[in-house]
Amino acid sequence: MNAIKTAERKLVRGTLWHSGSSLMTWAVGNLKIEPTATAIRATKQNAGDDKIDPVMALFDAVVPMSLNPEPINLRSVYEERGIRFA
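Taking the numbering used here, the leading residue of the sequence shown gets 9, the next gets one more, and so forth.
Source of the hints: derived by calculation from the structure; they are not laboratory data. For clarity, every value in this text was computed on a predicted model and none was experimentally measured. Hints are supplied without guarantee of correctness; some may be wrong.
[To be verified] Straight-line C-alpha distance at most 16 angstroms; calculated EDC-like pairs for lysine to aspartate or glutamate: (1) Lys13 / Glu42; (2) Lys40 / Asp57; (3) Lys18 / Asp57; (4) Lys40 / Glu16; (5) Lys52 / Glu42; (6) Lys40 / Asp61; (7) Lys13 / Asp68; (8) Lys40 / Asp58.
Model the full assembly from the supplied sequences, consistent with the hints where possible.
Following this line, the structure appears as structure tokens:
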């Protein structure tokens, strides 16, 4: 599954949305999408200090989360011991 296309589909469907974060807005502005012979890839527009790390983290997370994983343990640790204060 292509993470870029998955994120794009989810944005269009409204199942993924931008929170308005200025950091993500800046990172997306630094992103360049390039078609390749077999797929598409995301790179930085320019060399230098512009970063795309938040967008790449989004792409890393979007596909596994699209599989709608179930939690391993349905009980919260806080149900058993409560919240601890230092």
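Do the hints match the structure? See the list:
1. Lys13 / Glu42: Holds, at about 12 angstroms.
2. Lys40 / Asp57: holds, 15 angstroms
3. Lys18 / Asp57: violated, 29 angstroms
4. Lys40 / Glu16: It holds: about 14 angstroms lies between the C-alpha atoms, which stays within 16 angstroms.
5. Lys52 / Glu42: holds, 10 angstroms
6. Lys40 / Asp61: It holds: about 13 angstroms lies between the C-alpha atoms, which stays within 16 angstroms.
7. Lys13 / Asp68: holds, 12 angstroms
8. Lys40 / Asp58: holds, 12 angstroms
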